[in-house]
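S.K.: Using the hints, put the two standalone chains together into the complex.
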Amino acid sequence: MQINRRTGYVLGAAAMAAALALLYFFAPTEHAFYPRCVFHSVTGLACPGCGSLRAVHNLLHGELAAAFRLNPLLIILAPALAGIWLVRGEAAFASLRPVWIWIVLSVILLFSVLRNLPMAPFTYFRP
Amino acid sequence: MYKILGADQKEYGPVTLEQLKQWVREGRANANTLIQGPDSTEWKPLGTFPELAGLSAAAAPMPPAPGPAYGTATATANVPTYLWQSIVVTLCCCLPVGIPAIIFSAQVNSKLAAGDLAGATSASNKARMFCWIALGLGLVANVIFLMLGMFDTFGKIKF
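Which chain is which? The protein sequence lines are C and F, in order. Mapping to this note's numbering: the first sequence position 103 is 103, numbers consecutive. So this note's numbering is basically just the index in the second sequence, starting at one, shifted up by 127.
These are calculated hints, taken from the structure and not from any lab test. On a predicted model such as this, the values are computed, not experimentally measured, just so you know. Be careful, since some hints might not be right.
[What the hints assert, rightly or not] Here are some chain C residues pointing at chain F (derived, C-beta under 7 Å):
#	residue
1	35
2	39
3	101
4	105
Note that the Cβ used here is the ideal one computed from N, Cα and C, for glycine as well.
Chain F extracted, bound-state conformation (with noise of 0.2 Å):
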């Protein structure tokens, strides 16, 4: 079974993959929808999933225009850049592991601008997984530091 999240950013199903394709033929799905898996919980556009990609190929009657493309469209803000997140965490939690966050953020952008959608829906993944990285590591380290009484080490200086 699959879920779909409609232009309304609404969640929708689960439905079969009859169903699903049935949508795509009407047109009330593309390439760009975003798709829940039957066996994941994340959210991936529906041109990345090899069962429905031939069909929304087939169906989709512009595909998209080649070259940069910024700040156009439904397409876009379907795949988070976890930007202010990946800026958040390496500021206040975690420098090393922070750094990457932001640049697989910036690569979630170029690769969007490039139309590249499944490029882009990767690297929002890796960057949402260096921001929960470099939060957990902030929040372990805080901890135990805490608790060994280490901050001390250089002085008073907090955070």
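The shape of chain C in the complex, shown without the other chains (with noise of 0.2 Å):
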């Protein structure tokens, strides 16, 4: 693993941005080509993910609001976990601080929760 580390670096800048490409040229709500949740398909909830590659189409093409509605936790996790990989690389993952790993598992699944629930602030969200 370590011997082929920048190969590794290689392939995933790639392949993101090969997907990065396609989310921006097709728009997943309009073609079938895209896995589907599998969480929603058999309970009908949305899971924390879901709304995220129609969040990423919206992002790139500057639509920020829509992105943010979509799913709103992507929108503030990604950036932050991918600054944090690029500023600081691998090792300062496992130099946090175990409460910030609770901090996010809470809201994940706190946001699991909430964006399920059938009344106002809450339906806005609903991907």
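M.R.: What follows is the structure, given as structure tokens:
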């Protein structure tokens, strides 16, 4: 693994760029080839990741508000994780205080519950 | 034969047990150095190998300081937490299997902070295992659902 680290980064970056290009040109709402959420299909509930593909599509087209509405968690969490990873590297995650991980886990679980509640402010964030 | 991961993050070896012991005596390797055992492809700290543990403890001039040591050092860099991977699989693949991955990932951090390198390595391996299971389940379930045409049960909401 270590010996191929650079190759891994190059392949990862290429795959990411390809995925983003795909998401930019093909709207997930209009094309059926995208993976779908099994959790949603089975339960009818929105999982914490539901809406991510559409949110990224909107984001790539500069529609931040629409993206935030589809998946606010992704719009906050993804840049935070990517920022830590890019600036301080993988090792930064090992030196993170455990309490931050419990906070992130709680936020994910809370978000999963809230976005499925059938009342006013929460239905706004239903993907 | 053993393989060793240098401070430069490069792989060295395979080398014999004798050679490895020699390196420990010379201070070129210590209890935190990652080693791949003879029958394994897994990287584990040298201190967790019984055949080397006594030697490295005797050779190590300074044992790790007790108590929290966040952000310190070489030891933490060598045990991956799989935190971002766990979060990604939780959101994208499989919520129920992703959550244990995040929990084990948090344990890597707390055990590293407590100086428990072996415990951290074990938690790290578990986190990685749950990440792969979540990814695998997500992909397999997606393919099955796609083939059976089961996605339209609850309307057309996509991922």
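S.K.: Are the hints correct? Go through all of them and say.
M.R.: To see whether the hints hold, each was checked on the structure:
| no. | hint | in the structure |
| --- | --- | --- |
| 1 | 35 | holds (5 Å) |
| 2 | 39 | holds (6 Å) |
| 3 | 101 | holds (4 Å) |
| 4 | 105 | holds (5 Å) |
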